[in-house]
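Given the coordinates of chain G, work out where chain A should sit on it, guided by the hints.
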Amino acid sequence: MAMDAGEKATLVDALSAIVGARHVLSSDYDVMLYEYDASIDRARPDVVVFPASTAQVSAIVKLANQRQVPFVARGAGTGLSGGAVPLEGGIIIAFQRMNRILDIDYTNLRAVVQPGVVNLHLSNAMTPNGFYYVPDPSSQKSCTIGGNVGENSGGPHTLIYGVTTNHVLGLEVVLPDGKIVEVGSPTLDTPGYDLTGLLVGSEGTLGIVTSITVRIVHQAEAVKTLVGVFNTVDDATNTVSGIVEAGIIPAALEMMDQIILQAVEDYIHAGYPLDAAAVLLIEVEGLRDTVDEQVSRVVAVCEANHARAVRIAKDEQERTLLWSGRKEAFGAVGRVSHEFYVQDGVVPRTKLPFVLDRVNEICASYGLRVGNVFHAGDGNLHPLILFDSQIPGQVEKVRQAGFDILKVCADAGGSITGEHGVGMEKSDAMPLIFSDDDLDVMRRVREAFNPHNLCNPGKVIPTPGRCADIKLLIGQERSPAYAKAEAEGAWH
Amino acid sequence: MTNLSLLTDQLHAAAPQTELLTSVGDLRRFAVDDVTPQLVALPASVEDVAALLKLAGEQQLAVLPVGGSTELTLGQPPERYDLAICTARLNALLEHEAADLTCSVQAGMTLADLQQRLATKGQFLALDPPNNEQATIGGILAANASGPQRLRYGAARDLVIGLRVVLGDGTIARSGGKVVKNVAGYDLNKLYIGSLGTLGIIVEANFKLIPRPEHEETLLIAFENASAAMETVIALLSSVVTPTALELLDPAAQQSLPEQARAMLPGPAYLLATSFSSVAKAVTRQLADSRAIATSHAGSPRGNLEGTAHDTFWAAVRARQIGPVVCKVSLLINDVAPFLAEAQTICQEQQLESSAIAHAGSGVIYLQLGPADALDRLAAAIGKLRNLALQDKGSLVITHAPTALKAQINVWGEARPDLRLMGTLKRKFDPADTLVKGRFVGGL
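Quick mapping for you: the protein sequence lines, in order, are chains G and A.
Numbering that gives the first Met the number 0 numbers the first residue of the first sequence as 0 and each following residue consecutively.
Numbering that gives the first Met the number 0 numbers the first residue of the second sequence as 0 and each following residue consecutively.
Just chain A, with the same shape it has in the complex:
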């Protein structure tokens, strides 16, 4: 851009408290799919965010909201990307009404930071995506990131009670509120969650919270194959136990587990980790039920994890949601085992390495594939896997991939007929296309 210094002056005038980054090194840190922005802005207030978006609209700059940069690999490459608006300085906990089990937080606070503050009053936000040290609240919501505990507590859509968003045209708007039950007006929270910054920039979020459980414990169960493990999952969900997470790991995915857990798993086997959180007595009872159900489905209970070992184990599991090439596959739970078997065959045919974990009770698989430079084979395999998922009323989204692979296969897959509505909504919220286009479903 020829008049970068002019633009910098204008941005400073519009939002004086905003910090601007222009050095090559800084800009490179904000690159998305090899596209580097011209400028990075770190606003200090919600009003600054609105001023920046309005100016960007006038100057026809393409803006990408950025939090902790943990989910930037999600999406197709941007059509254009001029200005990053980073929420890092909007990182205050605005309210924590412990007695009401709610909180209000700015979007730039990291999840780990928020959890630490909530823990001082014995509570937590029941979202457990990977990378909680870096991932910000706004980024997690925009990407609809989740983790194994969604089985018990739901995902972002179930925990957010209110949002404050700056739309593409600079309008500052609230949706929802601060109370746990609320049907006043359209539920726009749902619309913003998972919209990947295409409708607006999330600047504040209100959540419902949960008291920290008295006890958490995980039972590790080995199975010879995925279908026996999934039969166990189905049996558990049709019983009176209420697991916090039910995670299935194939043999390859277990390589990165902590030593203590691996020591419990001799030989190649599928691992089902069943986790419970409640009062100690309830956990004990549910672990006993789980052992009995697993044993009757040819499972072999291997041992229990609690305390630090429990936390380290689950952090390692969550880390398996990230990698050079990762596909997130959503299925009905009864389709998980056949899909995993088919995936193995397809990967062997294409001479690809693969490893899989699944939030088994939710029907969500994270499939890591490699090598990352085998573009043709990856695209061929993923195409077949996607068709399988679609046949089963599911979906396959490539959450992590080298940019070159995205040129060969769309990360979202073909858009569905409701794309027309989504396009209309996008135009209503961001009429000048100020927010970066091209990354989301159907090129939105």
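One chain only, chain G, in its complex shape:
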């Protein structure tokens, strides 16, 4: 798989001819920074290239095809499933330079962005006009919209308004053979198959997005955030079901358990109780006239489920603080345990109490500590399994516990990933929810777009017989890129 020095030198020359020598990295020291994303997998690219235009991306992909070199698109490297990790080496196409907002059309409620635009930058650009872009992954301060399209990212506020796919209308794509094609459009119901919908969440395996047309929406008039404090996890999860059953769909409905609360409070000092078994962070939004009424209904459900206390954020400052506790939770846990492993299973909301109990039992049976911080309203779990790779055998236990958790989610009628993507690490778990025939259909789709499998090989669909090559490299020394992503809150 590795490229010899001569091959690499000619590749670098050819890429330099396309983008300029300044925009190609190839020394071991430089490319090492690109062997990670925010998952536990790593693999080193041979070359990293920074195109500035769609035409350059197309030329790079055509070159890769001529030389039969694999290529992988990369946004900010904040992904949690190895989507941007070049499993078979080759070229990383990094989108830092394609980071312009091309158009914001407030009249028609559309924006057009290049893939390297940071998620939050788009919303920030519209704040003065009262508009925003809905999907808000916790890494939104650093993750890119191109990466969000690749992974079909979610976020706390997608409960009511949907995830990335519900907000993307059209794409310009460089196909795996280098041809440039537009799919979808700024208008609705483009005749033909919905290729936009197929490409969103295809984890960079069906093509490389070079321009994205999204919906934008007006901000709500009023937002209220509250925290319900519970003495048992069951009371908290029953509250989640109770809220949904009462016909209330909050803008966000998040849960954190005790391990997470203690880590967060130590780091952020948001005023979360240290002795509670769980808290719910709930946000309702809408009209000024009715938000208070919604809040009282939510409070009533919390109290009916034995909430010890319910605290309503009194101002924007307190609201921001509570949210930073939630959004920085992964970073906070990183301070408690040097290493942790996050899963992303989804279950029907009503199964949350049962499944959380099972998650805790599974981890206890392997002698592992686990903290839970997740999108409770969607039933989207994020158990963080804490571990120490210096202890012999612990990495293997973590893997096994993670797999057991996904199996519980699948058995409960759920899914193995709600928003992080399948990537490398979860492709082995795909058979838990899909039959051989189901997976074969996905393979047909990949063959239709990516017949030579040079475009992000080894992701999404399990490759029989290759699993042994995919090593989990947990516990190796953290790379500078990893540390940087962590410091910037790139964690979900």
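Incorrect hints may appear among the rest.
Keeping only pairs whose Cα atoms sit at most 20 angstroms apart, straight-line, the calculated DMTMM-like set for lysine to aspartate or glutamate is [stated by the list, open to error]:
#1 A/Lys427 <-> G/Asp436
#2 G/Lys61 <-> G/Glu446
#3 A/Lys280 <-> G/Glu220
Keep in mind the hints are simulated off the structure, nothing from the lab.
Quick look at chain A alone, frame taken from chain G:
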């Protein structure tokens, strides 16, 4: 076909529970663009559907999936059409997990039937295409049918969380799942929705549901012209109100409205119907905001509809999406008013009658044209209108037309460069071309 009885025997052997229709009258009911199938099969199970498709592949029969037959006018005439596989007997509600706000339903259930069942637990599926008494879930999804409420709730692609499909080659496959958030594997749901039965037969669908709102109410506002109405639409969407539907009706389209609504609309005017669904207090506030915004854009609020009057009104609006000749035009919202003005001029030039409704907040216009037998003039006018839409990054699809008109102008328009990919996908899903060809975009 000479060996029809042999074929009937084979179909019975392959799928014993399947009911077969062969009488001339039955076959005629399943005709598409004057092409009548040789046989109609009504399978009783998903496995039967797969067996029928496999046999059809072996016998090189061209198969068309049929639900409630409400969208069969959509598409070019089929190249060949031998066997209709009708999903009418696959009509069970498999699960309704009310506490999870999800359901799983077989494709042959009608939308009205499903809504009635969901209503017993205070919920609904937020899809409102016309003809809900006849239209089946599978047909609605295959045709990507929608209605005025898509403004608030989205279309099928936003509400489907999982599908079970029998591909052209008989493979039974699932995509998505039963949970509201799921990124495991390719999102094939999107691919099947709107594929008009060219990739497979949808046999089951899982949806996310919505609690029925406490109150629904519609404000009718009259405007002298479409541009003032559309300015109001744009202003509403740039405010804090969240309308469920914003429907624009030109004067001609108002003729078929119920008497109560028409009584509120003296004289020729454009009508903007703004509908809200929420708790009563929120509806009241939003209606007040809407009145103020409309008045500042030279609109004249005429009255409110609620309860039965509200439901009857919206049923009549949805019915305007259907007719002898209907074009569905998708535009950016700022292009809607100029397009409507231009359409009127073009129709006058060609001496055609026209009437238009628009899901104004979504930029989707349904333009009815007549008389249906003025083929040359219709084709000329639609050609011009399509060019206008394309110039504005939009599209024009003829959703209803006599077969003879389809010979003069393609209902989808010229295919775009991504057709190559679509063709490759079609071959992967239906390698033997078992599913009827010729109806969809680019002859797929």
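* Asked: Taken at face value, is the distance from the CA of G/Asp436 to the CA of A/Lys427 at most 20 angstroms?
  -> Distance ~13 angstroms between A/Lys427 and G/Asp436 Cα, so the pair holds.
* Asked: Holds or violated: A/Lys280 with G/Glu220, Cα cutoff 20 angstroms?
  -> The hint holds at about 15 angstroms.
* Asked: Within a Cα-Cα threshold of 20 angstroms, do G/Lys61 and G/Glu446 meet the stated pairing?
  -> Satisfied, since the Cα-Cα distance of roughly 18 angstroms is no more than 20 angstroms.
Violated hints for the displayed structure: none, as all numbered hints are satisfied.
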